[in-house]
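Student: Below, each chain spelled out in residue letters.
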Amino acid sequence: MSALKKLVNTTKMVTEKCPLVFNVLAECETTKARVGKMCLPHSDVDTPVFMPVGTQGTLKGLLPDQIDSLGLQIMLSNTYHLGTRPGPEILEKAGGLHNFMNWHGSLLTDSGGFQMVSLLKLAEINEEGVKFQSLNDQKSEVMLTPEHSIHIQNAIGADIIMQLDDVIKTTSPDKDRIEVSVHRTTRWLDRCIKAHKNPNTQNIFPIVQGTLYPDLRELSAKDHVRRDVRGFAIGGLSGGESKDDFWKMVHLSTGLLPKDKPRYLMGVGFAMDLVVCSALGVDMFDCVFPTRTARFGCALTMTGQLNLRQKNYKKDFRPIDENCTCSTCKTYTRAYLHGIVTVQTVACHLLSVHNVAFQMRLMKTIRDSITNGTFPEFVQKYFLNLFPEKDYPKWIVDALNAVNIKLL
Amino acid sequence: MKFILEGLTKCVPRIGALKEIEAHPGLSIETPMAMLYTRGGSIPHITHEVFKIISKEPQIIQIPMVSTYHYQEVMEEYDGNISEFVGLKDCLTCVSVQDPGDLTQPGHHAKDHIPLWTRSGKVLLNAEQYMNTVEAFKPDMYYFLSDGDTNAKSATKRISKSVENTVNFFKICLDRHRKSEVLKNSFVLSAIAGGYCTKARKKCINEVTKDDIVKGVLIDGLHNNGPEVEFIAFEEPKSIVEFIVNYLPEDKMRVVQGCWNPVVILKLVRMGIDVFDTSYCNLVTERSSALTFNFDNVSETQQYEINLRQNQFADDFKPIIENCACLACRKHTKAYIHHLVTVQELLGPLLLKIHNNYHFMKFFEKIREAIRNDTLKDLEDVVERQFMAHQRMLLNTKATN
Ligand SMILES: [Zn+2]
Ligand SMILES: [Zn+2]
Numbered sequence: 001m002s003a004l005k006k007l008v009n010t011t012k013m014v015t016e017k018c019p020l021v022f023n024v025l026a027e028c029e030t031t032k033a034r035v036g037k038m039c040l041p042h043s044d045v046d047t048p049v050f051m052p053v054g055t056q057g058t059l060k061g062l063l064p065d066q067i068d069s070l071g072l073q074i075m076l077s078n079t080y081h082l083g084t085r086p087g088p089e090i091l092e093k094a095g096g097l098h099n100f101m102n103w104h105g106s107l108l109t110d111s112g113g114f115q116m117v118s119l120l121k122l123a124e125i126n127e128e129g130v131k132f133q134s135l136n137d138q139k140s141e142v143m144l145t146p147e148h149s150i151h152i153q154n155a156i157g158a159d160i161i162m163q164l165d166d167v168i169k170t171t172s173p174d175k176d177r178i179e180v181s182v183h184r185t186t187r188w189l190d191r192c193i194k195a196h197k198n199p200n201t202q203n204i205f206p207i208v209q210g211t212l213y214p215d216l217r218e219l220s221a222k223d224h225v226r227r228d229v230r231g232f233a234i235g236g237l238s239g240g241e242s243k244d245d246f247w248k249m250v251h252l253s254t255g256l257l258p259k260d261k262p263r264y265l266m267g268v269g270f271a272m273d274l275v276v277c278s279a280l281g282v283d284m285f286d287c288v289f290p291t292r293t294a295r296f297g298c299a300l301t302m303t304g305q306l307n308l309r310q311k312n313y314k315k316d317f318r319p320i321d322e323n324c325t326c327s328t329c330k331t332y333t334r335a336y337l338h339g340i341v342t343v344q345t346v347a348c349h350l351l352s353v354h355n356v357a358f359q360m361r362l363m364k365t366i367r368d369s370i371t372n373g374t375f376p377e378f379v380q381k382y383f384l385n386l387f388p389e390k391d392y393p394k395w396i397v398d399a400l401n402a403v404n405i406k407l408l
Numbered sequence: 409m410k411f412i413l414e415g416l417t418k419c420v421p422r423i424g425a426l427k428e429i430e431a432h433p434g435l436s437i438e439t440p441m442a443m444l445y446t447r448g449g450s451i452p453h454i455t456h457e458v459f460k461i462i463s464k465e466p467q468i469i470q471i472p473m474v475s476t477y478h479y480q481e482v483m484e485e486y487d488g489n490i491s492e493f494v495g496l497k498d499c500l501t502c503v504s505v506q507d508p509g510d511l512t513q514p515g516h517h518a519k520d521h522i523p524l525w526t527r528s529g530k531v532l533l534n535a536e537q538y539m540n541t542v543e544a545f546k547p548d549m550y551y552f553l554s555d556g557d558t559n560a561k562s563a564t565k566r567i568s569k570s571v572e573n574t575v576n577f578f579k580i581c582l583d584r585h586r587k588s589e590v591l592k593n594s595f596v597l598s599a600i601a602g603g604y605c606t607k608a609r610k611k612c613i614n615e616v617t618k619d620d621i622v623k624g625v626l627i628d629g630l631h632n633n634g635p636e637v638e639f640i641a642f643e644e645p646k647s648i649v650e651f652i653v654n655y656l657p658e659d660k661m662r663v664v665q666g667c668w669n670p671v672v673i674l675k676l677v678r679m680g681i682d683v684f685d686t687s688y689c690n691l692v693t694e695r696s697s698a699l700t701f702n703f704d705n706v707s708e709t710q711q712y713e714i715n716l717r718q719n720q721f722a723d724d725f726k727p728i729i730e731n732c733a734c735l736a737c738r739k740h741t742k743a744y745i746h747h748l749v750t751v752q753e754l755l756g757p758l759l760l761k762i763h764n765n766y767h768f769m770k771f772f773e774k775i776r777e778a779i780r781n782d783t784l785k786d787l788e789d790v791v792e793r794q795f796m797a798h799q800r801m802l803l804n805t806k807a808t809n
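Chains as they are written, first to last, in our numbering: chain A, 1 to 408; chain B, 409 to 809.
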């Protein structure tokens, strides 16, 4: 279907001055998908990449050795949680989160702003920052400013850090307020860049805002592209908007961002979304879903999800997925997992391993098919497998149409 | 599988070994030792993948029926044994009745049955049903069904009833074992009931140890399992265990279940007990603690156990024990584990469990070494000194609070 366009590979190196080098290694001829290598201070990262979320400096009970054998190159940690416990002082004393948790791959941290707005009820945002009531002391109010967020993220020491942005509910209809947030987010970006103490070892990513207004997104992207940064995040999505709005904003945003820098779509990680958004030109994803759902006995497969709590697995002696090579599928049957899910913590570990392995395998398949020039065929087959009756959701058909893939 | 004692004399403490194991012909598992405690067939917090990382040698996992009874129906159709089913196929399995880590609710007796408090409630189990499950599990070792619902305070009537039940169960289990094709290579341990009454124990031993099929014995009915066993002072079971051990045929492997603390374990070893379990490690892990007692001569400052929840560890970037070779100590600090347990992340108990199990296994290695060098009493003194200092400290903290 498509001949592969090989790019002249002028491989750049990570130097002390440049903690992120991004090389696009292959581009899909049909869609906007591309394969890249992102060289970070702690490791190389093959893109498109899914980053599992290790909120509090651990990936759901997995040992660093296990994380290594899953082939993980980068994971995400949450600034709000780590800033509360163990706190920046301990992290600084430990020499950063990498040392603290003994993980030698790459790390990315969020700004903490989103978590505050979503976790804390009384968050209020003004020009200075995000104001919220402390969880520890009911009476005191605490302010998270761009400077404060960067201070914590510097203490954590992740390879990629996020600017603090003015988070607005994605479905908010208040265009004036959204416009304010777009401008404020850029002002906060400049404050973050100014406060950033480790520009030689940590990369700060701006966040493109504008929720569902194309003109505001355009404004936000254009403002951010002018700054001296090495990658971009697409924010303000995955917040309850319709899938129709969602893909259009992703499509628009990747079109506005420069081709030679990585694009990170925040908070997106369902398998279908990963396939569609890779086609739309996204390079990085993160989501708590694969590890969170493991806790409830849910296993991910290429054809959907298995809820291992269900009685029909009681005597099912097959592995979760015959084609999966993870340590869980090599050793355990669905029947045994059914017997321990939600009762033994071991079950949570086992499903986390499988679900992360599933995400890794899906991303590798996406990368390999882009490199081989068979990405459109892979996408067609993937969705036919998921929807054998061809009752494809409309947004998927439309989104793929926009990048020249017709589902079979 | 055979249990072979080192040396032929009647002496205690003793070194023995399980040998000629069908699945592992070259393997020899030395005693005194501790079987790995499991719940629902899993070593708490430790998956097969982690087990392979931390343990190179096959070990014996103890499978309490009370937490695995719900697999019976499944195992009847499963083409394999219980160790394969639970994902630990390199381990040997030993099926026990009750869970040493959980308090066994006393009472609720019914004629010819024992109550089993499973996940889905009370199950009244008789010897035939028990053997059906054992046959479905196909373990390498198992105990015959017993009524172990006695402790130091049990009344005479309950004690004689427990012996009567256990002897009846013995006869049925023995008969079933003789007829069983799938269990013909399984190592059989009979159970001795009788609480703290020498007469009852004697009667039970006379009935359940004569047959050649019986390769080992479980001294049951000393307690009702669960966390309280940690605080049973040695003086309580001392005379009854002494009596039992002296009365037992010496060639049989002797097992005692429960979360006994290391001091009591050492004293039981000195009396000639061969096998224990790691339910104690589980108990310590669940309270976010790490075992740190030293096996060699120690300074007075040596802590017996540390609780990683304490704030003093928040910026302690040293491992739990400086030169411990376990994976948790080689790769992680107390500060990190403190963080994990305070934010309730699953990796916290996992790392603690790795260390505690490792430390406990090393402790048993040291016990065997001390028996060979005739220094067991010294080891006991060292451990007891640390343990007593720790108990005093706990009492003082309680008093000041
Ligand atoms: Zn798997
Ligand atoms: Zn250790």
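In short, the hints are calculated from the structure, not lab data. There could be a bad hint or two in this list.
Unchecked claim - Over 10 Å on every C-beta distance to chain A, these chain B residues come out as not near it, computed from the model:
hint, residue
1, Ile-454
2, Val-482
3, Glu-485
4, Arg-527
5, Leu-532
6, Arg-566
7, Val-575
8, Leu-755
9, Met-801
Stated by the list, open to error - Estimated spans, in silico, between C-beta atoms of each pair:
hint, chain 1, residue 1, chain 2, residue 2, range
10, A, Arg-85, B, Val-420, 29 to 39 Å
11, A, Thr-325, B, Asp-786, 42 to 52 Å
12, A, Phe-296, B, Asn-719, 43 to 53 Å
13, A, Ser-69, B, Lys-579, 49 to 59 Å
14, B, Cys-419, A, Gly-95, 48 to 58 Å
15, A, Val-142, B, Glu-484, 55 to 65 Å
Claimed, not checked - Derived contacts from chain A toward chain B, CB cut-off under 8 Å, selection only:
hint, residue
16, Lys-93
17, Met-101
18, Leu-350
Positions of the beta carbon are idealized from the N, C-alpha and C atoms, including for glycine.
Student: Hints broken by the structure, by number, lowest first?
Tutor: 1, 2, 3, 4, 8, 10 and 12
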